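These two chains come separately, so use the hints to put the complex back together.
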Amino acid sequence: MNDNLYIYLSIISMAVATNLVRILPSLLLKRPIKNTFIRSFLYYAPYVTLSVMAFPSILYSTGNFYGALIGFICVILLSFTKVGMFVSTFGTCLIVYLAQLVF
Amino acid sequence: MVYEEDNKAFIRGFRDAFPIFISYFTVSLAVGINARNVGLSVFQSGLMSFLNLTSTGQAAGIRIISEHGSFIELALSQLAINLRYLLMGTALAVRLRPGQSLGRRILVAIGITDEIFALSASTPKPLSPRYVFGCYCMSMPGWVLGTMIGSALGNILPLSIVSALSIALYAMFTYLVIEPSKKSKVLVGLVIISMLLSLLTDKILPSLSFGMKVIILTVAIASVVSILFPLPEEDLEK
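Residue numbers (my numbering), protein chains in the order written: chain A, 1 to 103; chain B, 1 to 238.
It should be emphasised that the hints constitute simulated quantities derived from the structure, not laboratory data.
All values derive from a computational prediction rather than experimental measurement.
All residues carry an ideal CB built from backbone N, CA and C; glycine is no exception.
The reader is advised that the hints may include incorrect statements.
[To be verified] DSS-like cross-link-like pairs, simulated, lysine-lysine; straight-line CA separation at most 30 angstroms: (1) K125(B) - K183(B); (2) K34(A) - K185(B); (3) K213(B) - K183(B); (4) K125(B) - K82(A); (5) K182(B) - K82(A); (6) K34(A) - K203(B); (7) K185(B) - K203(B); (8) K82(A) - K185(B); (9) K182(B) - K213(B); (10) K8(B) - K182(B); (11) K125(B) - K34(A); (12) K34(A) - K182(B); (13) K213(B) - K185(B); (14) K213(B) - K203(B); (15) K183(B) - K82(A); (16) K182(B) - K125(B).
[Said to hold, decoys possible] Every beta carbon over 10 angstroms from chain A, so not counted as near; a handful from chain B, in silico: (17) S122; (18) C137; (19) A164.
With the rest of the complex left out, here is chain B (with noise of 0.2 angstroms):
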């Protein structure tokens, strides 16, 4: 087989990427306000969005500091809420080019995202690390570029847009539960069970941080969903 030259890959990632760009700067924004109602500089967002790149651990990791966390608290939420980039760097690097340096799979590992992966994850095999690196040029600025935007903009907004924007995280988390579950009866029971024990464990424990929570339901829920519905073996590639 002949390889596609590597500038070639990088220019495609980017290109590829562009409704990324602009999904994640919109949706960054959100991340950026709810940043600085927890007291974080303009600044502080950005480099939080710049290093983590990931919206769904974000949006915990603020709500813990809002609640003074502990780091192992933090670290710990990011491990539980991130589990899924273990099996999308798996995939990716099942998918790689055989023979890649060390330091370009490292590379390749840290663009991984839902969106950036859903991309090079559909590119025909071998993947190249350029095309991964082109997506990432392309997005991670979007991403750093809203925070830091609804970050400083936070309270110069009207107040009824920043209310209505503050649900656009939320409504993301329960669109990519949703969306999935069409075609699976068992993610549609597992996503109803969760949600209702989310709301139950609030109204037993009220005391217990955020953070915590979401980690003593997940390792509780997806054990003994993975024990009563394990995958069939062609879901391995998934």
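Isolated chain A (complex conformation) (with noise of 0.2 angstroms):
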């Protein structure tokens, strides 16, 4: 297969599935989900899915591990601030970008 048609059946199938996801409660649902299992599987399957993207992608992600690890460690404590999304993300950023003037 040509890679331009990989490309643009892979962005389809990306969005029939994203898309159906986020739909299929309005189709569906008349009312809220009671079945405790789905609903602890549901509440509980983000978290697992951003951690194993995060980790140890995160390290990898720049091409400069101790970089990385500084940056991945950052993250963390400006998570327990009150500084929100924006600035931990872009924050990091920064230390990253001033940790590889270093290493």
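In structure tokens:
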């Protein structure tokens, strides 16, 4: 398959799946989910997904292991403050930029 | 109850979402850079952002595309990563003023992201669909523009800045799991175990694709934790 066709079909596969998850509840659900296991699963699943995606990939995201390690520690510390997602994310980028000047 | 005029709700949502515009624009620069690195054109990056509007989903998708993964794998990874939209879709559907047409309910659902949901779910009931449309019309262009500019300028920006920006998405994921964990010991344990098993899986099964790893670990760990620590009834609204 040619690369462009593969990419367009990939984008469409993703879009169908993502928007299906968004739309499904308004099509199917007439009342809130009662089943405790399903509710719990839907609640916990995103945390697992995000954690697995974040680590250890974050350590290899910049091409500079020690700079990225400092960034990882930095964003964990910032998450415990009240500065919010925006400052935590871009504060981390700034720290990583500075760390890369050193390492 | 007197309902707010729909036009006013749209403008209110549009205005409320301005911080989302800024945040999406800057975060999506990194998505665009990642997309460029695996060979997507500026148009393809923008189209992906317009049709998907999901940072984590697109990061995983781009990663899978770089490995030439199958369409099933791509779709399953989006289902796993964006399962939370099921909960958000459910919560928003319950908040909407009754009697909305199917078309409007679907349009509201397509606008669901973590940030738009956070705004929409914190406005007083009943929720006007136009409020969500307003949020969407402000936020989505930030996401698409940022992606396209990141994709176009990816190799023009100095390498040191691109490198530092490349950690932005991963930093955001980390923030999104650590910040809510402050209030729950179960979540702290869940996050730590997930990260350790992710590292362990890389060591033991280096040939397993990224998308499959995400799906398998999500289903396995979330199932075990749901059995061990089922949510109490009062968390139903979350």
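Hint-by-hint comparison with the structure:
At most 30 angstroms may separate the alpha-carbon atoms for a hinted pair to count; K125(B) and K183(B) meet this at roughly 26 angstroms. Note on K34(A) and K185(B): the hinted pairing holds, with a Cα-Cα distance of about 24 angstroms set against a maximum of 30 angstroms. At roughly 28 angstroms between alpha-carbon atoms, K213(B) and K183(B) fall within 30 angstroms of each other, so this suggested pair holds. Taking the CA atoms of K125(B) and K82(A), the gap is about 27 angstroms. The hint holds against a cut of 30 angstroms.
A hinted pair counts as satisfied when its Cα atoms are at most 30 angstroms apart, and K182(B) with K82(A) qualifies at roughly 11 angstroms. Simply put, K34(A) and K203(B) have alpha-carbon atoms about 39 angstroms apart, too far for the 30 angstroms limit, and the pair is violated. At roughly 27 angstroms between alpha-carbon atoms, K185(B) and K203(B) fall within 30 angstroms of each other, so this suggested pair holds. For the hint pairing K82(A) with K185(B), the CA-to-CA distance comes to about 19 angstroms; that is within 30 angstroms, so the pair holds.
A C-alpha spacing of about 26 angstroms is found between K182(B) and K213(B), which places the hinted pair at or below 30 angstroms, so the restraint holds. Restraint check: the Cα-Cα separation between K8(B) and K182(B) comes to about 37 angstroms, which exceeds 30 angstroms; the hinted pair is violated. Between the alpha carbons of K125(B) and K34(A) the distance comes to roughly 22 angstroms, so the proposed pair stays at or under 30 angstroms and holds. For the given pair, K34(A) sits about 27 angstroms from K182(B) by alpha-carbon distance, which is consistent with the 30 angstroms threshold.
About 25 angstroms separates the Cα atoms of K213(B) and K185(B), which keeps this hinted pair within 30 angstroms; it holds. In summary, the hint linking K213(B) to K203(B) is supported, as the alpha carbons are separated by about 12 angstroms, within the 30 angstroms threshold. A distance of roughly 13 angstroms separates the Cα atoms of K183(B) and K82(A); the hinted pair therefore holds under the 30 angstroms criterion. Proximity of K182(B) to K125(B) is assessed by CA-CA distance (about 28 angstroms); at most 30 angstroms being required, the pair is judged to hold.
Remark: the non-interface label on S122(B) is consistent with the geometry, its nearest Cβ contact in chain A lying 15 angstroms away (cut-off 10 angstroms). With a least beta-carbon separation of about 17 angstroms from chain A, C137(B) lies farther than 10 angstroms from that chain, consistent with its non-interface assignment. Remark: the non-interface label on A164(B) conflicts with the geometry, its nearest Cβ contact in chain A lying 4 angstroms away (cut-off 10 angstroms).
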